[in-house]
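Since the structure of chain A is provided, determine the placement of chain B on it from the hints.
Given next are the chains, with one letter for each unit.
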Amino acid sequence: EADIYQTPRYLVIGTGKKITLECSQTMGHDKMYWYQQDPGMELHLIHYSYGVNSTEKGDLSSESTVSRIRTEHFPLTLESARPSHTSQYLCASSELSGGGELFFGEGSRLTVL
Amino acid sequence: AQKVTQAQTEISVVEKEDVTLDCVYETRDTTYYLFWYKQPPSGELVFLIRRNSFDEQNEISGRYSWNFQKSTSSFNFTITASQVVDSAVYFCALSDPLTTGANNLFFGTGTRLTVIP
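Protein chains in written order, with my numbering: chain A, 1 to 113; chain B, 1 to 117.
Hints listed in this document are in silico derivations from the structure and should not be mistaken for laboratory results.
Be aware that a few hints might be false.
[As the list claims (entries may be wrong)] Cut-off 30 Å, straight-line C-alpha distance, at most; resulting in silico cross-link-like pairs (DSBU-like, lysine-lysine):
#, chain 1, residue 1, chain 2, residue 2
1, A, Lys57, B, Lys38
2, B, Lys16, B, Lys38
3, A, Lys57, B, Lys3
4, B, Lys70, B, Lys3
5, B, Lys38, B, Lys3
6, A, Lys17, A, Lys57
For reference, chain A alone in the conformation it holds in the complex (with noise of 0.2 Å):
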């Protein structure tokens, strides 16, 4: 079973808000990683980071913001919020260097109104 948490999990909020989505993992992971889902089910890459202080952006512009300072803790802002930032955001980690399994965490739905 993965060690890996979200919170909040459902998220409503109106536009202007800054919100930060929490993810942390117990597994000593060195990359993690936050994929966008759209609505109609497909997931992109919007951040990922190797290890503490490295933060790269993914495949899929995003307005928002990562940090990574602890190993265990990869948090997800957004200063501003807008309704096109509604969708849910998923939270993975990973031990191996290539080719390794993604653990998920359930996920943060965001809902701007």
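Showing chain B alone in chain A's frame:
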């Protein structure tokens, strides 16, 4: 270019029927990895299988089986004697770390399977 194609958007079957979910991938690497994940209504993605490009052996795990064919760039997933609990969205994914330089997964668009009791 799209790396992973799951042409079936939605499939419905009656319980106990067999069902095959198709996955076609594209990569220039000789070393790559293919995955299947299940996403139940609760939202998390559950790992089902990983296959590396050098292992073309088909695999069976209970009611699940996977058919990997490099000649057609396909990695199809079959559920035998489907059950209602199999209802979920299934994602095929590709990792080609030599190209991307990272352990990133490229996901297909998913296939929503509904098993009708």
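Results for each hint:
no.: 1; hint: A/Lys57 - B/Lys38; result: 25 Å, holds
no.: 2; hint: B/Lys16 - B/Lys38; result: 19 Å, holds
no.: 3; hint: A/Lys57 - B/Lys3; result: 19 Å, holds
no.: 4; hint: B/Lys70 - B/Lys3; result: 14 Å, holds
no.: 5; hint: B/Lys38 - B/Lys3; result: 19 Å, holds
no.: 6; hint: A/Lys17 - A/Lys57; result: 23 Å, holds
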